[in-house]
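Undergrad: The primary structure of each chain is shown beneath.
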Amino acid sequence: MRAKIFVKLKASVLDPQGKTIHQAVQTLGYRGIEDIRQGKYFEIALSDSLTRDEAWAMLDRLAREVLSNPVIEEYRVELEETS
Amino acid sequence: MKFGVVVFPGSNCDHDAYHVISKVIGQPVDFIWHQATSLEGYDAVILPGGFSYGDYLRAGAIARFSPIMRAVTSFAATGGLVLGICNGFQILCESGLLPGALLPNRTMKFVCQFVHVRVEATDTPFTHLYERGQILSLPIAHGEGNYYCDAETLERLRRENRILLRYCDEQGRVTEEANPNGSLDNIAGICNRQRNVFGLMPHPERAAEEALGGADGRILFHSMAMALAELAQD
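Residue numbers (our numbering), protein chains in the order written: chain A, 20 to 102; chain B, 713 to 946.
Isolated chain A (complex conformation):
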């Protein structure tokens, strides 16, 4: 199994990196881009010995405890089967 974890700043938190990228993009002449917010993306390879339920529980904990800071960020976990 493989998993993807997306971490992004909460909507209420200012994202200076996203803002800077947005400004640069506008300077370059891109039109119609209203906002950019930057996040983080993790690709995780999981052992086949884990059940889906075990993997979900562990990934949720991993995302909450380590990969994100709940004060400023939120996360989303995706689990995909590999054949």
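Honestly, the hints are just simulated from the structure, not real lab data. Honestly, I wouldn't trust all of these hints.
[Unchecked claim] Each computed DSS-like pair below joins lysine-lysine, with the alpha-carbon atoms no more than 25 Å apart:
id	chain 1	residue 1	chain 2	residue 2
1	A	Lys-59	A	Lys-29
2	A	Lys-59	A	Lys-27
3	A	Lys-29	B	Lys-821
4	B	Lys-821	A	Lys-27
5	B	Lys-714	B	Lys-735
6	A	Lys-38	A	Lys-59
7	B	Lys-735	A	Lys-38
8	A	Lys-23	A	Lys-59
9	A	Lys-38	A	Lys-27
10	A	Lys-59	B	Lys-735
These numbers were taken from a predicted model, which means no experiment stands behind them.
Based on these hints, arrange chain B on the given structure of chain A.
TA: Relative to chain A, chain B alone:
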């Protein structure tokens, strides 16, 4: 009385802190490797500035899981003095010993300069030798010093008088222009509820001798030493 300076991989202000404690205020001090699991025998612990673990993931995020941090947490719970400077402040926030988080600076620039900060509370072991409202000149050097917390936490910090330092101008006015990184409410340093854990972005250890451009930071370390000496007499 004994101080400890924790050394994480990537700490780079550990020797400055050690120097100030040993040579400037003349107290016993040890380096403590991040793999250590006990703080027995210590009365105050400093988490120094630097880039622990290369600031990977988030500043302070990996250091938080170092074995020593478990000891720091119980040390703090039993009243030991914990001072987190710059990266140390980030680690204290990541570990939950202080509320909030430090975001990238509003300008996205690494800021390295002397700034003014106003002492907002003196009823702590770290600030009792300062005067309330005193304006200090201290250096900052960080890319992620933009203090953030939710509205409820900010309200609690204010109510409990836990904002110890605010960025201000030369006259002590807390203004937007004097805010070097976008910190909420111009916050430069906060303490925990018990007032024995203090985190700040400025570097008092880099301003503890006139030869280095200023000595306003020295008083912070004297405050700690005096608080510990008084504690020992009781």
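Undergrad: A separate judgement is required for each hint: does it hold in the structure or not?
TA: So, going through the hints one by one against the coordinates:
| no. | hint | in the structure |
| --- | --- | --- |
| 1 | A:Lys-59 with A:Lys-29 | holds, 13 Å |
| 2 | A:Lys-59 with A:Lys-27 | holds, 6 Å |
| 3 | A:Lys-29 with B:Lys-821 | holds, 22 Å |
| 4 | B:Lys-821 with A:Lys-27 | holds, 21 Å |
| 5 | B:Lys-714 with B:Lys-735 | holds, 14 Å |
| 6 | A:Lys-38 with A:Lys-59 | holds, 16 Å |
| 7 | B:Lys-735 with A:Lys-38 | violated, 45 Å |
| 8 | A:Lys-23 with A:Lys-59 | holds, 10 Å |
| 9 | A:Lys-38 with A:Lys-27 | holds, 14 Å |
| 10 | A:Lys-59 with B:Lys-735 | violated, 44 Å |
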